[in-house]
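Visitor: The chain contents come next:
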Amino acid sequence: MLLECSDLSVSYGKIAAVRGVSLQIAEGQIVTIVGPNGAGKSTLLSALMGLLPCSGPVAYFGRARKPAPSTEALVRLGLGLIPENRELFAPMSIDDNLRLGAFDRWRAGARDMEASLAEVFALFPRLEERRAQPAGTLSGGERQMLAIGRALMGRPKLLMLDEPSLGLAPLIVRDIFEIIKSLRARGVSVLLIEQNARAAINISDYGYVMEAGEFVLQGSAAELANNAKVIETYLGVSSAAKAES
Amino acid sequence: MRRLLPFAALGLACVAAALLLLPYYLTILTYIGLAAIVSLGLVLLTGQGGLSSFGQAAYVGLGAYLSAVISTSLHWPPLATLPVVLLVSIVSSYVGAVITVGLSGHYLSLATIAFGLSAYFLFGGLPFAGGQTGLSDLPRLSVAGFEFRTPQASFILVWCILIVAMVVLSNLLDSRVGRAIRALKDGATMAESMGIDTRGSKLQIFVVACVLASLSGWLYAHFQRFVNPSPFSLAQGIEYLFMAVVGGAASLWGALVGAGLVTFLKQWLQGFLPSLIGSGGNFETAVFGIIIIVMFQLAPDGLIPAVRRLTGRAGIRPRAVADAPPLSTRPRAPRGEVVLSVRQARKSFGGLVANRDVSLDLRAGEILALIGPNGAGKSTFFNLVSGTLDADEGHFEFKGSSIRGLGSRAISRLGLNRTFQHVRLLPDMSVLENVAIGAHRRGKAGLFSALLRLDRTEEALLLAQAKHEVERIGLGDQLWTEAGALALGQQRALEIARALAADPQVLLLDEPAAGLRHGEKQQLAALLRKLRDEGIAILLVEHDMDFVMRLADRVVVMQFGTKIAEGQPEEVQKDPHVLEAYLGAAQ
Amino acid sequence: MNSFVASYLIQEGITNGAIYCLLAVAILLVFSVTRIIFIPQGEFVSYAALTYAALREGKLPGTVGFTLALVSVMVGARLLRGIAEGNLRHSLLEALKSALLPLLVAVVVFASAPYVLPAAVDALLAIALVTANGPLIYAIVYQPLAKSSTLVLLIVSMALHLVLVEFGLFFFGPGGARTEPLLDLSFSIGSLPVPAQSLAIYLAAAVLILGLFLFSERTLYGKALRAAAINPLGARLMGVSSTMAGSVAFAASAFIGAVCGVLVSSVTTIYYDTGFVLGLKGFVAAVIGGFVSYPLAALGALAVGLMESFSAFYASQYKETIVFTLIIPVLLWRSMRRRGTPEEDH
Numbered sequence: 012m013l014l015e016c017s018d019l020s021v022s023y024g025k026i027a028a029v030r031g032v033s034l035q036i037a038e039g040q041i042v043t044i045v046g047p048n049g050a051g052k053s054t055l056l057s058a059l060m061g062l063l064p065c066s067g068p069v070a071y072f073g074r075a076r077k078p079a080p081s082t083e084a085l086v087r088l089g090l091g092l093i094p095e096n097r098e099l100f101a102p103m104s105i106d107d108n109l110r111l112g113a114f115d116r117w118r119a120g121a122r123d124m125e126a127s128l129a130e131v132f133a134l135f136p137r138l139e140e141r142r143a144q145p146a147g148t149l150s151g152g153e154r155q156m157l158a159i160g161r162a163l164m165g166r167p168k169l170l171m172l173d174e175p176s177l178g179l180a181p182l183i184v185r186d187i188f189e190i191i192k193s194l195r196a197r198g199v200s201v202l203l204i205e206q207n208a209r210a211a212i213n214i215s216d217y218g219y220v221m222e223a224g225e226f227v228l229q230g231s232a233a234e235l236a237n238n239a240k241v242i243e244t245y246l247g248v249s250s251a252a253k254a255e256s
Numbered sequence: 003m004r005r006l007l008p009f010a011a012l013g014l015a016c017v018a019a020a021l022l023l024l025p026y027y028l029t030i031l032t033y034i035g036l037a038a039i040v041s042l043g044l045v046l047l048t049g050q051g052g053l054s055s056f057g058q059a060a061y062v063g064l065g066a067y068l069s070a071v072i073s074t075s076l077h078w079p080p081l082a083t084l085p086v087v088l089l090v091s092i093v094s095s096y097v098g099a100v101i102t103v104g105l106s107g108h109y110l111s112l113a114t115i116a117f118g119l120s121a122y123f124l125f126g127g128l129p130f131a132g133g134q135t136g137l138s139d140l141p142r143l144s145v146a147g148f149e150f151r152t153p154q155a156s157f158i159l160v161w162c163i164l165i166v167a168m169v170v171l172s173n174l175l176d177s178r179v180g181r182a183i184r185a186l187k188d189g190a191t192m193a194e195s196m197g198i199d200t201r202g203s204k205l206q207i208f209v210v211a212c213v214l215a216s217l218s219g220w221l222y223a224h225f226q227r228f229v230n231p232s233p234f235s236l237a238q239g240i241e242y243l244f245m246a247v248v249g250g251a252a253s254l255w256g257a258l259v260g261a262g263l264v265t266f267l268k269q270w271l272q273g274f275l276p277s278l279i280g281s282g283g284n285f286e287t288a289v290f291g292i293i294i295i296v297m298f299q300l301a302p303d304g305l306i307p308a309v310r311r312l313t314g315r316a317g318i319r320p321r322a323v324a325d326a327p328p329l330s331t332r333p334r335a336p337r338g339e340v341v342l343s344v345r346q347a348r349k350s351f352g353g354l355v356a357n358r359d360v361s362l363d364l365r366a367g368e369i370l371a372l373i374g375p376n377g378a379g380k381s382t383f384f385n386l387v388s389g390t391l392d393a394d395e396g397h398f399e400f401k402g403s404s405i406r407g408l409g410s411r412a413i414s415r416l417g418l419n420r421t422f423q424h425v426r427l428l429p430d431m432s433v434l435e436n437v438a439i440g441a442h443r444r445g446k447a448g449l450f451s452a453l454l455r456l457d458r459t460e461e462a463l464l465l466a467q468a469k470h471e472v473e474r475i476g477l478g479d480q481l482w483t484e485a486g487a488l489a490l491g492q493q494r495a496l497e498i499a500r501a502l503a504a505d506p507q508v509l510l511l512d513e514p515a516a517g518l519r520h521g522e523k524q525q526l527a528a529l530l531r532k533l534r535d536e537g538i539a540i541l542l543v544e545h546d547m548d549f550v551m552r553l554a555d556r557v558v559v560m561q562f563g564t565k566i567a568e569g570q571p572e573e574v575q576k577d578p579h580v581l582e583a584y585l586g587a588a589q
Numbered sequence: 007m008n009s010f011v012a013s014y015l016i017q018e019g020i021t022n023g024a025i026y027c028l029l030a031v032a033i034l035l036v037f038s039v040t041r042i043i044f045i046p047q048g049e050f051v052s053y054a055a056l057t058y059a060a061l062r063e064g065k066l067p068g069t070v071g072f073t074l075a076l077v078s079v080m081v082g083a084r085l086l087r088g089i090a091e092g093n094l095r096h097s098l099l100e101a102l103k104s105a106l107l108p109l110l111v112a113v114v115v116f117a118s119a120p121y122v123l124p125a126a127v128d129a130l131l132a133i134a135l136v137t138a139n140g141p142l143i144y145a146i147v148y149q150p151l152a153k154s155s156t157l158v159l160l161i162v163s164m165a166l167h168l169v170l171v172e173f174g175l176f177f178f179g180p181g182g183a184r185t186e187p188l189l190d191l192s193f194s195i196g197s198l199p200v201p202a203q204s205l206a207i208y209l210a211a212a213v214l215i216l217g218l219f220l221f222s223e224r225t226l227y228g229k230a231l232r233a234a235a236i237n238p239l240g241a242r243l244m245g246v247s248s249t250m251a252g253s254v255a256f257a258a259s260a261f262i263g264a265v266c267g268v269l270v271s272s273v274t275t276i277y278y279d280t281g282f283v284l285g286l287k288g289f290v291a292a293v294i295g296g297f298v299s300y301p302l303a304a305l306g307a308l309a310v311g312l313m314e315s316f317s318a319f320y321a322s323q324y325k326e327t328i329v330f331t332l333i334i335p336v337l338l339w340r341s342m343r344r345r346g347t348p349e350e351d352h
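As you go down the protein sequences, you meet chains A, B and C in turn.
First residue of the first sequence? That's 12 in our numbering, and the numbers climb one at a time after it.
First residue of the second sequence? That's 3 in our numbering, and the numbers climb one at a time after it.
First residue of the third sequence? That's 7 in our numbering, and the numbers climb one at a time after it.
This is chain A alone, in the form it adopts within the complex:
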């Protein structure tokens, strides 16, 4: 297991935003968590990334770790997170953004850095064309590409993505999902959070449904895609689409 937690809770002051959640991600898997806004999905990711204190043990890469590792330590272990608003370094160039993605691997030397850069540019040729441009001038889709590229520079074993399709045009969303799907071939497993439930479930192996801080449903992607409640609630208007087609 790359990541395993049981009965994990996260509270903001007196309010519990995540309640008793259990989650497993195996190597080579793409796992999705779907659910409405405010269900606690982002909070869960933040806690898993060591950004928020949580109760309940989390085992990373097959080992329970005490005390809970810091975010920096988790990055070193091979965990990556792309948050909802990407958190790019807007005034810095694309090149600098990508290089900072490999900050933790500076010991590996300049040659390794150039090799990683070449790989990312092969994946996103558009970034290479604009490598000197400040990240803040990119379009939404390019930003997401940069965020993924930057995360890949650190060569993570498990990458967590929070709403990667947020605010992107449909055509680009398709590209982004293709890329996420291709990560598996590069040896990167994925934990995905999405509003676009259908697209997310389509590329996943396993999924969880989160509501009001709890997992109310889980199962293989196929099970979820055919579950009546999921269709009704999360695939939203698509029930109407189904009736039509």
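Treat the hints as calculated values from the structure; they're not laboratory data.
Bear in mind the structure is a predicted one, so any value in this text is a computation, not a measurement.
Treat the hints with care, since some could be wrong.
To be verified - Here are the simulated DMTMM-like pairs of lysine to aspartate or glutamate, each with C-alpha atoms no more than 20 Å apart in a straight line: (1) Lys523(B) - Glu222(A); (2) Lys77(A) - Glu100(C); (3) Lys532(B) - Glu568(B); (4) Lys187(B) - Asp176(B).
Fit chains B and C to the supplied structure of chain A, relying on the hints for placement.
Guide: This is chains B and C only, laid out in the frame that chain A set:
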């Protein structure tokens, strides 16, 4: 009257202390009282209003020097200088506040540091103020022939003034004006949306705090009988602020505890440290600084909250809320009439166009849902309508008159009232008082009637109205619970109650169902239907399709900042553009 | 006022302005990386000047004792926290790692204090010792407050200022110190004599600012620091720890303050509390730069220096009042420019 019991007890304790304690201790207690008067102002300013001032020592100095100069050079009796001191401090603090009150966050604190420094150097530099040596042989205070000569007399005088100040400030906090002040801490957005003049509230607490400081300075000058610049330095300003914070800046008693603690500690350290590390220096200042640092590391809210948590005495004491007739409401527009009309609204942030020519009409007695993928510009539109953001272009009309550029305060006073996507309640305040903030517009009582408690009739009406709204959302048994202790769903409902307390014509709800459980959503839907039937127009932004499609009369769909569809829920669900927007690439 | 007096005042103003400029740069650096408004920046100036003066006289500087005190407090606090959090071994290791370098510097200074060394060596030792204190102060005072608001950090900075001034008195005594200039030369431009020390100050200001620029633009470490300032969360997700960034920023701030101290000690007599007022003027300059703009802060520093030397000529008893009142209109102007930032949109 129960409210006044602790103050009465304090007064009795003072009388006992004056009779029993040695003059040495009474003198220390007098200093504590003087410091507490200043830090009381800071509790109001910092603890309640969220504005930090390092410059209060300068206002103490202003009071002291002004009275010293007048009474020595013009030979006025001290009592005659008091009106001058108060007038000058009101005028100067008002002017100072008008200039600096627009400063946000730490900019304001920096300004007070600069002000404190300037004033300190000024006290030492003015030719008629005696330079660093200062002025001595000031007259003692005397009132109607009675001279405050003994330590007992000074002690009683200072503490009487302190107790009166505490009573008056506690009156203030327990009022409409006080709630507005307490709302400042959350930033201007929420308060302004409730119709609160945040700038005015800031001015009020600034002036009150400075008047208290210069009153303390005036007392100090004629008690000590000489003045020089050193007690009014920046270091002293830090100390006053610390007194307010160490006890727990949220409570008036914190000022007393803080002043007592700091003064005693300094006295003790002054006696103790020289024997430890040799004389020659103010090492108590160093120790004191270390204590400040350690305290912020260990108990960032101050001592009173820490002790309360330890002893399990946290929470608000419930009080009875008298029934009162409902407040008068505005006439509602007849059902079906357009109350809000938006044409060609446009807003961009930098290069990103968040709203591009969005138009819609909202009618009295209907629920209009605004839906669309994340980032479609729904919240921006919402903020344009409620005046939280200014539109770049477009026409916004409420009942036929333009509301564009009015600002959120004026718009909310007209009867467009909103809730926030990220709940914005005052977590330490009771449920009832949070809702009463919504009714702010419907009261009139000002600062003076609040200070002197002449606002009770109106206050009873406001609280009764607030109670009614709390009961309406089903939280009637939690009137005095801290809002921060409620579950998220209840907090969202509370935001609606707060908006209802304003007597809305248009209710703007930003994702009211987010994070709610199924049952809670049904209750919310029932409440919203009821409000619609009362003739309120409801515009809501929502993600939960199921909830929206069952509830809304009409739906507007947005994507990439533009409106892509509008119509009845059934129509919209079949619209190919909508399907495209929602299903994206994966259909 | 004749032109000679005017050019003398200008020269003095620029010299002071260069010092304020360096201090402003240090204050900006610390604020941009950590959000800490580091009021005690000037204390590093006093400490370094007094350390350098003591070394010149072959005496043991009080800074050695101060550093040892800081190291023991840091180790003690880390151990206590380690016990409380149940990871004693980890904390001990971390504490010793951070203690190593300061201890080493302190020992070297201790050993070399009795000997008469060249002025440049003494200057380097003084700078090294004071620089080592920067990260220690960060670790002891600010690291536990990493999540606090800017306001709390500001109050704590004010408290720390009180502490450091009194410690300065304790460790160095009330006497002032003035040293021989590193270069005892004088040039003249026209009829105006320009001491070499003033030129050294201009040069140091230029070199340090250029060095900082190259560090932050050309090295991965520097970029990481900049990234931590631009977007702390993004930086953490890249493995750039905010603690590391804070330590580096404080080391840089102490280093800059120390350089100022060594330079300025030959221009004016430095007492344990002189640094504070110098630092505050650097601070006024930083505010003029809105806590973000280095070039504006540099201009502001020059303006403060010039205004100070001219107001000292015209109205010497109000010179401080004038300089500190200047900050309020600047704050207003700054605050006005900050308005109108968009709110989050989901």
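Visitor: Which numbered hints turn out to be false for this structure?
Guide: 3
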